[in-house]
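Trainee: So the protein lines, in turn, are chains A and C.
Count along the first sequence from 1, add 7, and you get the number used in this note's numbering.
Count along the second sequence from 1, add 19, and you get the number used in this note's numbering.
In short, the hints are calculated from the structure, not lab data.
It should be emphasised that the depicted structure is a prediction, and the values quoted were computed from it without experimental measurement.
It is possible that part of the hints are untrue.
Unchecked claim - What follows is a set of in silico ranges between Cβ atoms, one per label pair, in the way DEER data are often shown: (1) C:Phe37 / A:Leu133: 22 to 28 Å; (2) C:Leu34 / A:Leu135: 49 to 55 Å; (3) A:Val74 / C:Glu62: 56 to 62 Å; (4) C:Leu106 / A:Phe85: 54 to 60 Å; (5) C:Phe37 / A:Gly60: 52 to 58 Å; (6) C:Ser114 / A:Ser136: 27 to 33 Å; (7) C:Gln110 / A:Leu135: 32 to 38 Å; (8) A:Lys170 / C:Ala40: 42 to 48 Å; (9) C:Lys65 / A:Arg104: 56 to 62 Å; (10) A:Thr11 / C:Phe37: 48 to 54 Å; (11) A:Phe153 / C:Gly111: 45 to 51 Å; (12) C:Ala40 / A:Arg104: 32 to 38 Å; (13) A:Ser18 / C:Ala40: 45 to 51 Å; (14) C:Glu118 / A:Arg104: 56 to 62 Å.
Don't be surprised by glycine CBs; every beta carbon is placed ideally from N, CA and C.
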Amino acid sequence: MRKTNKMIFISLLVSVGLALSVIESSIPLPIAMPGARLGLSNMVVLVTLVVFGFKDGIKVAMLKSTVLMLVTGSVSSFMYSISGAILSCILMFIAYRYFSKVFSLIGVSIIGAAAHNFAQVSVAVLMLSNPRIYSYLPFLLLVSLFSGYFVGLSSTYIVDNLKKNFRVLFSRQETI
Amino acid sequence: MTKGDKILILFIVMLSFFSFAYINRYAFSEQEKYISVQVDGEEIKKILYDEQLIGHTIPVQTEFGYNLIEIGDGQVRVIEADCPDKLDVKQGYISRIGETIVCLPNKMVIEIKGDSGEDDIDIMNY
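For reference, chain C alone in the conformation it holds in the complex:
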C-alpha cells in the first residue's frame, strides 16, 4: 500500500461522511408534509413542521366559529372548538399525508398534505 492509497482511502471516507452529513441536513430536514388549514374551501394557513413549533397552539377564529389547533411532533390535533358536537376534538392526532380533521359547523378542514404524490407506492421493483 502506497501513500497515495492511504490518501485515497481517507479522501473517500471523508467524502462519504461529508456528503452524508450534507444530505441529512439539507435533503431530509425539511419534511415534505405540511398542515393545511382550510376554512370554507379556502386555505387560510399553511404550516410547515418545525421542531420549534412542537406544542405550539394556533387559534383559528373565523366568522363561522373558533378552533384551537395544537401542533405536535409531526402530528396535529384540535384541542378546543366551539362547535356543538366537538367531533374534531375527539378525533385526536392526525399525522399521515391525506388525513383530515373536519369541523363541519365551523366549515374548517385541517388536512395534511405532501408535495410528492407517490406516497401510496410501497415498493418499486425493477
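One chain only, chain A, in its complex shape:
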C-alpha cells in the first residue's frame, strides 16, 4: 500500500474513533460509575492493531486521545485517556501477536479494557496522590469485562470484513 493511502486510512480510523468517543459520551450507562465507559473507540484501536500493526495502532490511539482533548477541552481526562490508550495498546499487541492461539479477539480486547482501567486508576492515584483510589479498581475491572467482551465481539466482525476488503485493495494496487 502506498504511503498516502495508508495515511488516509489511518486518519479515517482516527476520525471514526473520535466520532465513536463523542457518541459514546451521550449514551447513558445503566450503572452510575465515574470512569466506566463502553469503550467503543477501543474498537478502532483494536482493529488498527490487527489490520495495520503495532506502530499504526499506537499512533491511532495517541492521536485519538489528543484530538479528543481538543474537542472536549478537558486536560485531566486527556491524562487518563492517553495513559490508558498507550498501556492497553501495548498489552493488546503483545496478547495478539504472541498469544493469538490462546486468546481470540475477545480475550485481547478484555485485556485491553482491563489495562485501560488499570492505567486510568493509576494515573488518578498519582494525580490525587491517594493510593486508596485503587480500591475502586475491582468494580472497574468487572465493568471492563462486559465492555471488553462487547468490543471484542464487534471487532471480530469488523476485522473479518476489513481483511477481505483490504486484500482486494492490496492486490489491485500491486497490479497497478
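Starting from the known structure of chain A, fit chain C onto it as the hints suggest.
Mentor: Showing chain C alone in chain A's frame:
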C-alpha cells in the same frame, strides 16, 4: 471464544472479587476515627471503635471528678457524671470527627479525632 478467553474472564472475575474482599477487610475495617479522652489537657485514653466495644462503659476517675463514658456504634456519650450541671450527660451522643464533649468542672474533654485531616473537603474535581 477460545478456552483462553474463558480462563481470562474467570481470572479477572476472581481477581476483582478477591481484591474487593481484601480491600473491604483490610483497608476500611479499621475506622480512621478514634475517641480521645483528655483530662486537664492530657490524653489519658485513646479508644478505637470496635464492634465488641458497643455498649461498653468506661469509667474515668480522676482527681477532678468522675465520669462514665458509654461507647455506641461509631458514637460516644457520657452517661454519668458527678459534676453539678451535668451538661456533658445532656449533650448526648457525638459521632463526627472534631465533635467534643466537655465537662469543665472535671476538666475532661472527649474528642473524636481522625487521622486524615481532609475530612472537611466534600468533593474534589479535576
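Trainee: If a hint holds in the structure, say so; if it doesn't, say that too.
Mentor: Going through the hints against the structure:
Checked against the given bound of 22 to 28 Å, the beta carbons of Phe37 (chain C) and Leu133 (chain A), roughly 25 Å apart, stay inside it. In this structure the supplied range 49 to 55 Å is violated for Leu34 (chain C) paired with Leu135 (chain A), their Cβ-Cβ distance being about 23 Å. Between Val74 (chain A) and Glu62 (chain C) the beta carbons are some 57 Å apart, a value that agrees with the proposed interval 56 to 62 Å. Under the hint 54 to 60 Å, the C-beta atoms of Leu106 (chain C) and Phe85 (chain A), about 56 Å apart, fit the expected range.
A beta carbon spacing of about 36 Å between Phe37 (chain C) and Gly60 (chain A) contradicts the range 52 to 58 Å that was offered as a hint. Checking the proposed 27 to 33 Å range against Ser114 (chain C) and Ser136 (chain A) shows it holds: the Cβ atoms sit about 28 Å from each other. Checked against the hint of 32 to 38 Å, the pair Gln110 (chain C) and Leu135 (chain A) passes, with Cβ atoms roughly 36 Å apart. Remark: the range hint 42 to 48 Å for Lys170 (chain A) to Ala40 (chain C) is upheld by a beta-carbon distance near 43 Å.
Separation of Lys65 (chain C) from Arg104 (chain A) is about 57 Å and conforms to the stated range, judged on CB atoms against 56 to 62 Å. At roughly 51 Å, the beta-carbon separation of Thr11 (chain A) and Phe37 (chain C) lies within the given 48 to 54 Å, and the hint holds. Taking the beta carbon of each, Phe153 (chain A) and Gly111 (chain C) are about 47 Å apart, inside 45 to 51 Å as hinted. For Ala40 (chain C) paired with Arg104 (chain A), a C-beta distance near 35 Å keeps the hint of 32 to 38 Å intact.
Ser18 (chain A) and Ala40 (chain C) have their C-beta atoms about 46 Å apart, which keeps the hinted 45 to 51 Å range intact. Between Glu118 (chain C) and Arg104 (chain A) the Cβ separation comes to about 59 Å, which falls inside the hinted range of 56 to 62 Å.
Of the numbered hints given earlier, the model fails hints 2 and 5; all others are met.
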